[in-house]
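2 protein chains.
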Amino acid sequence: MIQNLNKHERESLHEALAKSGQKITPQREIVYTVLLAQRDHPTVDEVYNRALETMPGLSLATVYNCLETFVGCGLVRQVNHERESTRYCPNLAPHAHFRDESTGRVHDIELPKEILDQLTKILPANFETETIEISFQGRTKSSTQN
Amino acid sequence: MIQNLNKHERESLHEALAKSGQKITPQREIVYTVLLAQRDHPTVDEVYNRALETMPGLSLATVYNCLETFVGCGLVRQVNHERESTRYCPNLAPHAHFRDESTGRVHDIELPKEILDQLTKILPANFETETIEISFQGRTKSSTQN
DNA sequence: TTGAGATTTTGAATCATTCTAAACGAGTAA
DNA sequence: TTACTCGTTTAGAATGATTCAAAATCTCAA
Chain A
-12 MIQNLNKHER
-2 ESLHEALAKS
8 GQKITPQREI
18 VYTVLLAQRD
28 HPTVDEVYNR
38 ALETMPGLSL
48 ATVYNCLETF
58 VGCGLVRQVN
68 HERESTRYCP
78 NLAPHAHFRD
88 ESTGRVHDIE
98 LPKEILDQLT
108 KILPANFETE
118 TIEISFQGRT
128 KSSTQN
Chain B
-12 MIQNLNKHER
-2 ESLHEALAKS
8 GQKITPQREI
18 VYTVLLAQRD
28 HPTVDEVYNR
38 ALETMPGLSL
48 ATVYNCLETF
58 VGCGLVRQVN
68 HERESTRYCP
78 NLAPHAHFRD
88 ESTGRVHDIE
98 LPKEILDQLT
108 KILPANFETE
118 TIEISFQGRT
128 KSSTQN
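One line per chain: the protein sequences are A and B, in this order. Numbered according to our numbering, the first sequence spans residues -12 to 133. Numbered according to our numbering, the second sequence spans residues -12 to 133.
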């Protein structure tokens, strides 16, 4: 079952929403809770189904809305791979993603600050970056499967 | 108007198709020609409309087919940004993409080999990469607009 | 407690992409 | 030449994730 948000988690949610002038709603709390509970980069549909267990009346559109709101206030990142359904990730530390083609799973890859710095340096001077997305695609060589 | 393929370009097309056991067709030549003629990362629809000028009967499905074929034989790369239409890019040198939010345009950014090397090093040992996608999103600070 | 404005809900609409089945075409064997 | 085979193209239908619209409901500041 899905744990409630702890004090710190609830605070960052409320803070982030307040900062961008949005309201706290049960739906938003639950969707955020679902994201934190299982950090496996779920799709909207997966979030929806997990959230339904706690709030049976919840609608899919609301999940879309909530997630969009979270992305808007920087609480959550979108993960896009090819044309697949968008996935969502509450890991705010700079990181890349590795998508395992055999399982479809997405793994977070910690991203050293130096590399990020170097990356921004390859841009022409007048290019101002807002977001950088780095995604690997490949396979994991079994044995110690992650 | 769209130039024909030069000798070298036609050769790489034929070679790539032959290597993966596929046929040379007028449609494929035209679609490839369109891609080389204007390297602005067109969407399928844009490619389709440009190609129609040369081959009025061409169908959209065929453009999808051709582009998929090219990606399959490594002649062309897909460029995905968020949920937008897939764009296509005949630049085979390793490079990243910068998407200008104000214009929607996508710019190629040359990618130094060292950075690529460093990037593959941050992966766990058993992760085998097939493709890496690096995309920046932001704005260009006018003045010397590119 | 109230009212304004934000949010949620349902179901319809959109739109890029994929699928299907029939027609076509190039190359090969007879 | 003719027939055959297979990959390709075509048109249109189908799919599926996402967005939209309008009405109902809720949140929060006053």
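Hints listed in this document are in silico derivations from the structure and should not be mistaken for laboratory results. Just to be clear, a hint being listed does not mean it is correct.
If several chains are the same, the list does not tell them apart, and a pair holds so long as it fits within one copy or across any two.
[Stated by the list, open to error] Taking lysine to aspartate or glutamate and the EDC-like style, the derived pairs with C-alpha atoms no more than 20 Å apart in a straight line are:
no., residue 1, residue 2
1, K108, E33
2, K100, D27
3, K128, D95
4, K6, E40
5, K128, E55
6, K6, E16
7, K6, D95
8, K128, D87
9, K(-6), E69
10, K108, D95
11, K128, E115
12, K100, E40
Hints, one by one, checked against the model:
Taking the closest pair of Cα atoms, K108 and E33 never come within 20 Å of each other, the shortest separation being 38 Å inside a single copy and 32 Å across copies. In this assembly of identical chains, K100 and D27 lie within 20 Å of each other by CA distance neither inside one copy nor across copies; the values are 24 Å within and 31 Å between. In the homo-oligomer, the alpha carbons of K128 and D95 lie at most 20 Å apart inside one protomer (17 Å), although the nearest pairing across protomers, at 32 Å, exceeds that limit. Taking the shortest Cα distances, K6 and E40 never come within 20 Å of each other, neither inside one copy (29 Å) nor across copies (52 Å).
Neither within a single protomer nor between protomers do K128 and E55 lie at most 20 Å apart by alpha-carbon distance, with minima of 35 Å and 27 Å respectively. For the homomeric pair K6 and E16, the shortest alpha-carbon distance inside one copy (16 Å) is at most 20 Å, but the shortest distance between copies (54 Å) is not. Proximity of K6 to D95 under the C-alpha cut-off of 20 Å is found in neither arrangement, the shortest distances being 27 Å within a copy and 36 Å between copies. Proximity of K128 and D87 under a CA criterion of 20 Å is satisfied intra-copy only: 10 Å inside one chain copy versus 37 Å between copies.
Taking the shortest Cα distances, K(-6) and E69 never come within 20 Å of each other, neither inside one copy (37 Å) nor across copies (33 Å). Taking the shortest Cα distances, K108 and D95 sit within 20 Å of each other only across copies (14 Å), while inside one copy they are farther apart (23 Å). For the identical chains of this complex, K128 and E115 are inter-copy neighbours only, at 7 Å across copies versus 38 Å inside a copy, given an alpha-carbon limit of 20 Å. For the identical chains of this complex, K100 and E40 are neighbours neither inside a copy (39 Å) nor across copies (48 Å), given an alpha-carbon limit of 20 Å.
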